[in-house]
Amino acid sequence: MAKKTFSRTIDEINRKIKQGTVVVVTANEMTDIVKKKGAEKAAREIDVVTTGTFSPMCSSGAFINFGHTKPGIKASQVWLNDVPAYAGIAAVDIYIGATEPSEDDPLNRVHPGQFKYGGGHVIQDLVAGKKVELKATGYGTDCYPNREVRKKVTIEDLPYAVLLNPRNSYQNYNCAINLTSKTIYTYMGVLKPNGGNANYATSGQLSPLFNDPYYLTIGLGTRIFLGGAKGHVIGPGTQHNPHAPRGKNGVPLSGAGTLMVMGNLKEMDPRWVVGVSILGYGCSLAMGLGVPIPILNADMARYTGVSDEEIYTRIIDYGNDYPQGEAKSLGQVSYGELKSGLIRFNGQEIPTVPISSYIRALEIATTLKEWIEKGEFLLTHPQEMLPTVPPPERA
Amino acid sequence: MYSKMLSLRFPKKIVDEPIAVNLVKKFDLSFNIHKAVIYPRKEGLMVLELSGHRKNFQKGVHYLKSIGVKVESIGQDIRRNEKKCLQCGACTAVCPTGALHIKRPEMEVVFDNERCSACEWCVSACPARAMEVSFNKVLLE
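Going line by line, the protein sequences match chains Y and D.
Our numbering applies: residue 1 is where the first sequence begins, and numbers increase by one.
Our numbering applies: residue 1001 is where the second sequence begins, and numbers increase by one.
None of these hints come from the bench; they were simulated from the model.
According to the in silico footprint, chain D covers these stretches of chain Y (three or more CB under 8 Å from chain D): (1) 53–65; (2) 185–192; (3) 272–278; (4) 336–346; (5) 358–367.
Straight-line Cα separation of at most 20 Å, EDC-like style, residue types lysine to aspartate or glutamate; simulated pairs: (6) Y/Lys-130 to Y/Asp-82; (7) D/Lys-1084 to Y/Asp-125; (8) Y/Lys-266 to Y/Glu-133; (9) Y/Lys-37 to Y/Glu-310; (10) Y/Lys-116 to D/Glu-1082; (11) Y/Lys-70 to Y/Glu-148; (12) Y/Lys-74 to Y/Glu-133; (13) Y/Lys-339 to D/Glu-1108; (14) D/Lys-1103 to Y/Glu-349; (15) Y/Lys-339 to D/Glu-1106; (16) Y/Lys-248 to Y/Glu-310; (17) Y/Lys-374 to Y/Glu-12; (18) D/Lys-1084 to Y/Glu-363; (19) D/Lys-1083 to Y/Asp-125; (20) D/Lys-1103 to Y/Glu-337; (21) D/Lys-1083 to Y/Glu-363; (22) D/Lys-1059 to D/Glu-1072; (23) D/Lys-1103 to D/Glu-1082; (24) Y/Lys-192 to Y/Asp-321; (25) D/Lys-1103 to Y/Glu-363; (26) Y/Lys-339 to Y/Glu-29; (27) D/Lys-1035 to D/Asp-1016; (28) D/Lys-1084 to Y/Asp-269; (29) D/Lys-1083 to Y/Asp-269; (30) D/Lys-1004 to D/Glu-1049; (31) Y/Lys-192 to D/Glu-1120; (32) Y/Lys-116 to D/Glu-1120; (33) Y/Lys-130 to Y/Asp-157; (34) D/Lys-1004 to D/Glu-1072; (35) D/Lys-1103 to Y/Glu-309; (36) Y/Lys-266 to Y/Asp-93; (37) Y/Lys-266 to Y/Asp-157; (38) D/Lys-1035 to D/Asp-1077; (39) Y/Lys-116 to D/Glu-1132; (40) Y/Lys-131 to Y/Asp-93.
Just so it is clear, CB atoms sit at the ideal spot from N, CA and C, and this is done for glycine as well.
Chain Y extracted, bound-state conformation:
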């Protein structure tokens, strides 16, 4: 007789959430539980594992409808606090992108540029309830004759404001070093010459897609923690690539899956939607994002039990190789090593520098856990799964 294997459904989990009997742990806690009890036993005991990540995520922005003015305008160019928004959609619809710098920003003319204010900052200011100056110009039509509008708006005044991030929550990211003889300023932070520091991102074992490496539970419609509110995954993010090389545990060894996510900006919290200035690179938006992983069977328990020591990334030279579009791996390093503060590279000890917040990622996973335990957050059935590759058959 075949060994009976355990499984549960999302509906069963939601029933337990409503009854107040659901068992939720963070991905950190799950790592210990699976290590101690094994995946099969962990799967029977744990219903949901929560994850989290908090990091600059450039591919982010917001769709805003700023409401019809009197007289009406068909806006062809729009600025929010002097940051240009994309206005090539309907009359008063715009998209403000996180990396758009302020119009008069000196950029990198004096290198490294400061990039003090941009789209990400506008989004944070809106979320924080601050007044933002809106300027719109139009060429005038019979139905929308107005040529220019200027007004101060808060998020309250906007009929519609939705965060729609085309690519967030990258499954794995490069570890960046600089092997030139000059300091460089990258989207991975400041990199000192001759391998002076090694910068890395993601929250490792807490990071959403490291806990569901084949996207078996995440897809269009998955409800998530997004910017302090509830949001949704709406599909694969740009550059989503399930075909990246993977380790034996299924975890990609380089950048792989990504998520496109959406949520109501009006419900978000400026603590989790933060405009950032990356020296010498540009403006961006730090996003807080957390995904609940339903433990449907022992496989999901095993995936969510992954530890920093079992997750690897590549060391890439951002001084010579990366700018030439030839990002070749100079070696593999685990998140356990990266988190220790020092890695060994070519016989040299290199201090490591995180650019994603581990402590705030844990706060997200813990918050999401509390929401689920309190019955405020139900899991959803994804309606369409993300493109993936089949997990290897297990003996």
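On the provided structure of chain Y, position chain D as indicated by the hints.
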């Protein structure tokens, strides 16, 4: 052993005198200079870590003040806006003294203002611009 990071402001009339060396010779103190500038109007600014016996340290500081040097603890001039700080750690790449460092295993980004040398590198390297300088740039007489 007592040690503190200090900013010393030299009025222009004594900026060309050898003063730091007296801290060694007269007060048995040692120092590590992190920053030394003479501004166009000839007033000087030096940031140094002064170390030695606590009593000698006090005598040394008293000596500096007596000759007209303005002595301030550097930690008061740079602060971290805790509300803005993202707790990422990007600043630790550029901090030369380890004042900004990561406490493990919690991965908390700590700012120890006693170790800060006021180089101000963190100010623009911080993505959230959480490091605030209230460095007193008023000229001395």
